[in-house]
Amino acid sequence: MPSLAELARRIRIHALRMTSLGGSSHIGSALSCADILAVLYGRVLRLDPGRPRWADRDRFILSKGHAGAAVYAALAESGFFPVEKLRTHYQDGSDLSGHVSHNGIPGVELSTGSLGHGLGVGAGMALGAKWDRQSHRVFVLLSDGECDEGSNWEAILFAAHHRLDNLIAVVDYNRIQSLDTVENTLALEPFADKWRSFGWAVEEANGHDLDSLSDRLAAAPWQPGRPSCLLAHTTKGKGVSFMEHSVLWHYRTARDQELVRALAELGEEA
Amino acid sequence: MRDAFIRALAEMAEADRRVLLVTGDLGFGVFDQYRRRFPGQFLNAGVAEQNMTMVATGLALEGRVVFTYSIANFPTLRCLEQIRSDAAYHQANLKVVAIGGGFSYGALGISHHATEDLAILRALPGITVLAPGDLWEAEQATRVLAATPGTAYLRLDKSHARTGPGPGEAFRVGHARRLREGGDCTLVACGGILGEALEAADLLARERIQCRVLSMHTIKPLDTAALADAAQDTAGLLTVEEHTVIGGLGGAVAEELLEAGIHPGFFRRLGLRAGFSSLVGSQQYLRGCYGLDANAIAAAVRTAVNTRYQHATQTMV
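One line per chain: the protein sequences are Y and H, in this order. Be aware that the first sequence starts at 1, since it is given in our numbering, and climbs by one per residue. Be aware that the second sequence starts at 271, since it is given in our numbering, and climbs by one per residue.
Simulated from the structure, these hints should not be mistaken for lab results. Watch out, some of these pointers could steer you wrong.
Computed beta-carbon distance windows for the label pairs [what the hints assert, rightly or not]: (1) H:G420 - Y:G104: 43 to 53 Å; (2) H:P491 - Y:R53: 27 to 37 Å; (3) Y:R87 - H:A417: 36 to 46 Å; (4) Y:R87 - H:R306: 34 to 44 Å; (5) Y:S197 - H:D295: 42 to 52 Å.
Reference excerpt, derived from the structure (chain Y facing chain H, CB under 8 Å, subset only) [unchecked claim]: (6) M125; (7) L127; (8) S151; (9) T253; (10) Q257; (11) V260.
To list a few chain H residues with every Cβ distance to chain Y over 10 Å, as calculated [said to hold, decoys possible]: (12) D286; (13) D302; (14) A315; (15) M324; (16) T327; (17) G333; (18) R334; (19) Q352; (20) Y359; (21) R478; (22) G535; (23) F537; (24) R543; (25) H581.
Glycine is no exception: its CB is placed at the ideal position from the N, C-alpha and C atoms.
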């Protein structure tokens, strides 16, 4: 396995190439959570690519399904399927849809794409694990904009009520959603307080600090009997200067010279 | 039907510890005994149907046989996307149960009239849709669903036909039951309104109009063979459902027959047609208002049969 930094770099490079080749959107979202995914797949998650349905594996759900390219990249780099398959992303006849899908893809626990579904399904998985006295954990990666969805708050309520400390939510808090900033759309602040008031243990971290993310996620749950929420402060488009902090790159695709420049910033030749 | 369901579910829960009942905070008093017997196989998810369905899907994906339960449109339309994208797409072993099909909760108002659910749920890929017409069907459907992996919708009704199994009869999903025989017409019914269809057939028999009655307890997959037989053996078909005529039983039957090139002598869909069912009243009262009680069904059959007879006579002249 490469270092976490290298894994994160590869996830970014794959995601850039995949979205460019396929002409798909959401590169900003994929870059935003690349470090979180690198930490999860490179260090935190207990997984065995040779046994994708191994009963004791940790479960990971990408609730922000539009960052599917980044998860496919992380899975391929972790050995769940050949890296070459990534080239088919978003192409006619591919298994790798723009939003993450389990169909034909080992390692994907849940297909998502419509926002507000991952946390509730993850809560069900976590509850089942509790009842069956299983020791694995369930991680769900959400976007900040996704927290507009009422279904998430139903799940947040539920997970605390059932003391699901084997459930860990990570919010990719890059403060930009589809059309505008989170602040201008539906403000979430005081965000940490909202989760806390619902009964969750909440911590905040720099979502691009690999050590900090590793420490926090490896140590979860932080409080017995409480589900954990890590607010990961991130930069949308992280790693490619002209994509950072930009609403534009939620939907725009890097083409030609843009792709060359983006890859160059990551130390990669086009 | 609710009691038949819970009795059957209790037996399945006893035999299989994976069976789990999840309610959306409804069913006052109904689950007391079940809950006492199987405390580890019961969950009240609160008034949050989207989350109920997501949690149930998560539990089902981890090996449980989950029944979600609520009334009217709450376990279906409120959380339709969860049923579609979470449960059905992942072939989760989740059975969505709605008590209160049609006008079961008629006096509670249109929020509680489940009158489009069959059409909407039927359109989802990978889902079996059942609307039993009598207590035996409700009980059998519950057992079969608990024993068969996959996503399904079970629509239960406050009313039920007073029929039961024939000697040695086995309940089979996707196979209609023939409850009356006759050649003048076939009434195809689903749900508790089957009782009205049977009563209509009995009324008509006194006038020497003999109806075959099919209990089409499975809307999906539909028993096309039974429909083809009915179109061939009897003069025409009427579908009967406490539901909009768009896309439910009648819609499904029309689709299947036309595509198979089968043209019954006559074909009518009895169900709801115009606007919301905004009248208030009991299930029986509303059936009367909307032309769906036994008398109205019998009248529709008479009209269809007589029109056909007159048409045949004129053609001969």
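A quick look at each hint next to the structure:
Between G420 of chain H and G104 of chain Y, the C-beta spacing of about 19 Å breaks the proposed range 43 to 53 Å. One distance hint, 27 to 37 Å for the beta-carbon pair P491 of chain H and R53 of chain Y, holds here, with the actual separation near 29 Å. The hinted window of 36 to 46 Å between R87 of chain Y and A417 of chain H holds, with their beta carbons roughly 44 Å apart. In this structure the hint that R87 of chain Y and R306 of chain H lie 34 to 44 Å apart at CB is violated, the actual value being about 58 Å.
Take S197 of chain Y and D295 of chain H: their Cβ atoms lie about 22 Å apart, and the range 42 to 52 Å is violated. Satisfaction of the interface hint for M125 of chain Y is found here, the shortest Cβ-Cβ separation to chain H being roughly 4 Å, below the 8 Å cut-off. Here the hint on L127 of chain Y is kept, as its CB sits about 6 Å from the closest CB of chain H, short of 8 Å. The restraint placing S151 of chain Y at the interface with chain H holds, with a minimum CB-CB distance near 4 Å, inside the 8 Å limit.
Interface restraint check: T253 of chain Y against chain H, minimum CB-CB distance 25 Å, threshold 8 Å, status violated. Interface hint status for Q257 of chain Y: violated, as the beta-carbon distance to the closest one in chain H is roughly 38 Å, over 8 Å. Proximity of V260 of chain Y to chain H is violated relative to the hint, the smallest CB-CB distance being about 37 Å (cut-off 8 Å). With a least CB separation of 15 Å from chain Y, D286 of chain H remains clear of the 10 Å interface cut-off, as annotated.
The claim that D302 of chain H lies off the interface holds: its Cβ sits roughly 22 Å from the closest Cβ of chain Y, which is beyond the 10 Å cut-off. Distance check on A315 of chain H: its Cβ comes as close as 7 Å (rounded) to a Cβ of chain Y, failing to clear the 10 Å threshold; non-interface status is violated. With a least beta-carbon separation of about 3 Å from chain Y, M324 of chain H fails to lie farther than 10 Å from that chain, contradicting its non-interface assignment. For T327 of chain H, the non-interface assignment is contradicted: its Cβ lies about 5 Å from the closest Cβ of chain Y, within the 10 Å cut-off.
Not every CB of chain Y is more than 10 Å from the CB of G333 of chain H (nearest about 7 Å), against its label as outside the interface. Separation of R334 of chain H from chain Y is inadequate, the least Cβ-Cβ distance of about 6 Å not exceeding the 10 Å criterion. Distance check on Q352 of chain H: its Cβ comes as close as 7 Å (rounded) to a Cβ of chain Y, failing to clear the 10 Å threshold; non-interface status is violated. In this structure Y359 of chain H is not separated from chain Y by more than 10 Å, as the shortest Cβ-Cβ distance comes to only about 6 Å.
Residue placement check: R478 of chain H keeps its beta carbon more than 10 Å from all beta carbons of chain Y (closest about 56 Å). The non-interface label for G535 of chain H is consistent with chain Y: the shortest C-beta to C-beta separation is roughly 45 Å, beyond 10 Å. Distance to chain Y confirms F537 of chain H as a non-interface residue, since its nearest Cβ pair spans about 38 Å, more than 10 Å. The claim that R543 of chain H is not at the interface with chain Y holds, since no C-beta of that chain comes within 10 Å of its own (minimum 33 Å).
Consistency note on H581 of chain H: stated as away from chain Y, and its beta-carbon is indeed over 10 Å from all of that chain's, at 51 Å minimum.
Going through the hint list in order, the structure does not satisfy hints 1, 4, 5, 9, 10, 11, 14, 15, 16, 17, 18, 19, 20.
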